[in-house]
Amino acid sequence: MHTVEGIFLWAGVLAYVTCFVAALLSSLFGKQRAEVVARWAFGIGLGLHLAAGITRWIVTGHGPVMYRYENSLAGSFVLGLIFAVLARQLPATRKALPVVVGVLLLLLGNGLTAPQSLIPLKPPFRSGWLVVHVTFAWLAFGSYLIASILAGLYLKARRKVGDLEQADPDTVRALALQDESCGKLIAFGFATDTIMIASGAIWAHGLWGRYWSWDPIETWSLISWLIYGANLHLRFTLGWSGKRAAWLALLSVLAVLATFFGLGVVSNVHTDLL
Amino acid sequence: MVSKRLRRFLLSRDAAIAVMVLMAGLLALGNLPSQLIEPQDLPAFEADHPTLTWLADRLSPERLARSPWFLVLPAYLVGGISLSVVSRARALRRQGVGRGQQRFRCERVALVPLPAASASERVREALERGGFEWDEPAGPDGDPRELRAARGRVGTAGSLAFHVGLLLLVVGGMLSLLTRTGGELLLAEGFPKPFTPASFLTLSGAERFPDTGGTRVSVRDFVAEYSRQGTPVDYSVLLTLEREGDRREFLLRVNQAAWWEGLQLTLHRYGFAPELVARDPRGQVVLDAVGVLRLLPPGTEDTLPLADGGRLAVRLYPDFSTADGEPGTRSLEPKRPVILFRWLDPDGREVGAGSVELGAAARVAGREVAFPSLRAWGGFLVGRDLGLWVFAAAALFGTVGLVLRLSFPDQTIAASWEPEGTHTRVTLRASTRFFPALFEERIGALARQLELAAPSADGTEES
Chain A
1 MHTVEGIFLW AGVLAYVTCF VAALLSSLFG KQRAEVVARW AFGIGLGLHL AAGITRWIVT
61 GHGPVMYRYE NSLAGSFVLG LIFAVLARQL PATRKALPVV VGVLLLLLGN GLTAPQSLIP
121 LKPPFRSGWL VVHVTFAWLA FGSYLIASIL AGLYLKARRK VGDLEQADPD TVRALALQDE
181 SCGKLIAFGF ATDTIMIASG AIWAHGLWGR YWSWDPIETW SLISWLIYGA NLHLRFTLGW
241 SGKRAAWLAL LSVLAVLATF FGLGVVSNVH TDLL
Chain B
1 MVSKRLRRFL LSRDAAIAVM VLMAGLLALG NLPSQLIEPQ DLPAFEADHP TLTWLADRLS
61 PERLARSPWF LVLPAYLVGG ISLSVVSRAR ALRRQGVGRG QQRFRCERVA LVPLPAASAS
121 ERVREALERG GFEWDEPAGP DGDPRELRAA RGRVGTAGSL AFHVGLLLLV VGGMLSLLTR
181 TGGELLLAEG FPKPFTPASF LTLSGAERFP DTGGTRVSVR DFVAEYSRQG TPVDYSVLLT
241 LEREGDRREF LLRVNQAAWW EGLQLTLHRY GFAPELVARD PRGQVVLDAV GVLRLLPPGT
301 EDTLPLADGG RLAVRLYPDF STADGEPGTR SLEPKRPVIL FRWLDPDGRE VGAGSVELGA
361 AARVAGREVA FPSLRAWGGF LVGRDLGLWV FAAAALFGTV GLVLRLSFPD QTIAASWEPE
421 GTHTRVTLRA STRFFPALFE ERIGALARQL ELAAPSADGT EES
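Here the protein sequences come in this chain order: A and B. Position 34 of the first sequence, counting from 1, maps to 34 under this note's numbering, and the rest follow consecutively. Position 278 of the second sequence, counting from 1, maps to 278 under this note's numbering, and the rest follow consecutively.
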């Protein structure tokens, strides 16, 4: 890791930790000032995180796309960015901040356990399709992950509220908005997931001479695509919503985690590049 | 003609979802063993768990994709999607402005501080900005008192395109299954080969490999670019295909393929190919060849057969160095190539060991090993897949269709207005197919926007 990159990154981690603590205080004890601190700390953390990524880009001469550390650095940033955009558009989702930052820190931490050597782009990565494939992979992963976080918080809130017919209309509306935000994120994730798979397949054909080889990661990406396709059908054509849809979103993310982190340690053509 | 029962079965969303989940589940089960068991541990696993191994083999994704029992599942989806495409196409033709209500409805009233004509203009502009198409049916006295708007025609077209993309995906997959041929060809610089299935290291679908009519393939000018740290950053090579005096030359790089008569050629693997000459104690040449050595990790031992039945075990260090007496390489760039060798007799006993630099010869135990030149070799993936272009079209239709579907949901708004003093009461009756709570927020925001004071000529707001 370059020194400047390290400074930005660790400062960003500090900001995220501050955000996490402040957001927890706000969420558990209703501290208004803590909420403001949390939002500012999140914004600063994202900015420093971005600076770390850009520094690495400049030093290595390529975007952070190779191996576990770089993928965690970029993927966690995209997660934070998606949440920032969502929270701005839909204030009802802001309460997910502590959980999102917690997950972001876990992702970054996982990446930091891997070597952080400054390696030039290897020949298989020298393709325009890389940018498309990896960008949409992060967008899909981030969307699905945040959707599952929102789903988890929805279930927690529903347990607290109890019977919706007895609940305050504003609470019911807020819950409905949260549920639909989850649905929108899943839809967005599915679209970006589709682009990720398609671009990856076309890139694979140019690199390996075949667009599909039933590699474990390719297979898991198809599995998660099918699962989220079923998710969308259940929500939008069969009208699943509320608790059922939330449980579905929460469980579906397991397939995505298997896709991105794998279930085992066996190397394959994808992990050799990752 | 499709019978009603069959139609209902194929269009059943419950069944489609169940099929998708079943497919996902079977693929996940079949994928587990390849993720949890290292290839070198497979024989031991097979011996300890024969039934599980048999099951894992039957469920492996590659095998499932060819199994008729599994293929029934996507075939069912194809039937349903085909019918669905037809009904969506009909819906697209029928879809009109504001006709029909969607599933979820809401109503808002806005008191607009403008006369009726200006208020209706404001409503029209707001709807246009939102991407709605509108029409204005005349009232009984000839004056329009209502405006109907709808959007989603583009979304319906998008849904149609997405499902057409899914059908193309299946067609592409079947085409690939039926027409794909491909394999790997190893070529070292200066050693042409006939471009026929027999020259391939591995080749699937050999019976579908096209007749190349005496074409010969060769490579030259292998160029590797290295970073400052000595790691390779790019490889390129000139590949030549020659047939009856007609010569075509292609520059191949990793990620830059070449096409020849429907076949795609890609540079997949690469390594060093040292030329080695070995003589036995009688001075007889027992090896005069170019060895195809593995590049990574540096110093990996490869063995080459000798004419006398023995073997020459070689380790190539592209940029030789020693650290604490141990051999190593500073980088992958061949700045100082050195080969460490072990001469093994036919019984596998080591009869001599030594090292030889590029351009030199070494004598060990009466034997000689010379290293006159260092070439490169490439592993080239050659193949043809008629399903590729259909797959690419499927990807295009699918992604564009999905984006349109999600960006232009089916929504209708009917706005009616009545003068109320200096104001106009505008009633908005809206409906949407998806996301009712978010849509209701949006209609509420629209109503608030309509209620904003009108700007005056000097830019200040009038009350």
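These are calculated hints, taken from the structure and not from any lab test. We put the CB at the ideal spot given by N, CA and C, even for glycine. Please note that a few of the clues may not be correct.
Stated by the list, open to error - Listed next, the stretches of chain A that the computed footprint assigns to chain B, with coverage defined by at least 3 CB atoms under 8 Å from CB atoms of chain B:
1) 3 to 10
2) 13 to 20
3) 123 to 133
4) 174 to 186
5) 207 to 219
Status of the hints after comparison with the structure:
1. 3 to 10: As far as the segment 3 to 10 of chain A goes, the hint is violated, because 0 residues have Cβ atoms under 8 Å from chain B.
2. 13 to 20: violated (count 0)
3. 123 to 133: Satisfied; 4 residues make the cut.
4. 174 to 186: With 7 residues in contact (Cβ-Cβ under 8 Å with chain B), the coverage given for the segment 174 to 186 of chain A holds.
5. 207 to 219: holds (count 9)
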